[in-house]
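For reference, the chains in residue letters:
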Amino acid sequence: QTVVTQEPSLTVSPGGTVTLTCASSTGAVTSAYYPNWFQQKPGQAPRALIYSTTNKHSWTPARFSGSLLGGKAALTLSGVQPEDEAEYYCLLYCGGAQLWVFGGGTKLTVL
Amino acid sequence: QLQLQESGPGLVKPSETLSLTCSVSGGSFTSSSYYWVWIRQPPGKGLEWIGVIHYSGTTYYSPSLKSRVAISVDTSKNQFSLKLSSVTAADTAVYYCVRSVDYGARWGIGDYWGQGTLVTVSS
Chain R
1 QTVVTQEPSL TVSPGGTVTL TCASSTGAVT SAYYPNWFQQ KPGQAPRALI
51 YSTTNKHSWT PARFSGSLLG GKAALTLSGV QPEDEAEYYC LLYCGGAQLW
101 VFGGGTKLTV L
Chain D
1001 QLQLQESGPG LVKPSETLSL TCSVSGGSFT SSSYYWVWIR QPPGKGLEWI
1051 GVIHYSGTTY YSPSLKSRVA ISVDTSKNQF SLKLSSVTAA DTAVYYCVRS
1101 VDYGARWGIG DYWGQGTLVT VSS
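Chains R and D are the protein sequences, given in the same order. Residue numbering for the first sequence follows this note's numbering, beginning at 1 and increasing consecutively. Residue numbering for the second sequence follows this note's numbering, beginning at 1001 and increasing consecutively.
Bear in mind the hints are in silico, worked out from the structure with no lab data behind them. Hints are not guaranteed to be accurate.
What the hints assert, rightly or not - The calculated lysine to aspartate or glutamate pairs, modelled on EDC-like cross-linking and capped at a C-alpha distance of 16 Å, are:
1) R:K56 to D:D1111
2) R:K56 to D:D1102
3) R:K41 to R:E85
Make the full structure from the sequences, and use the hints.
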């Protein structure tokens, strides 16, 4: 089965920029993987941020953006705020029969 | 405002069947664009996709759980349900019900989530 890999942890300073990535064991991630990104804070349900690579939900702050970068899906936070400290998960479509696979998550620390 | 609410036993014995229901309110349940998903998260671990159902009854399951999972839908009650058989301690997790949207050439997963329900597998 496809394995989706994210950085286990990243640290960023307030006001800085950080990019989280999401790789597939089957090869380069393309838009056909419909990358989705989620933010989860302790004790809360995940919240969707980005769908189908670049599309933001109505509630997604402008400082979050999605892209494809070097064969991976990417989530970039520009002008990081302390409240962005959270776990971030990507989700990729990996097969014909509605097979979706989550990455292991990236713990983002704002320090 | 769409709301999803999971319900079901919080404790299940090993080898028995876990059963959960998700009630959907405040919005359309039978739009052809909507798919209804179960996702779980073991304590302290990451998210795992379980499976998805369309209101028409079409289902798709994660290959790793396919032999033990069944998802069904009741359009008269705006509900969809999860059954997971032969559970073990490894099935202990917070179970979330989630809406997903087919926008045509784009997929949006999880624009709405239930609050999640913890199911513990223990004797």
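A quick look at each hint next to the structure:
{"no.": "1", "hint": "R:K56 to D:D1111", "result": "holds (11 Å)"}
{"no.": "2", "hint": "R:K56 to D:D1102", "result": "holds (15 Å)"}
{"no.": "3", "hint": "R:K41 to R:E85", "result": "holds (8 Å)"}
Every hint, counting from the list given before, is met by this structure.
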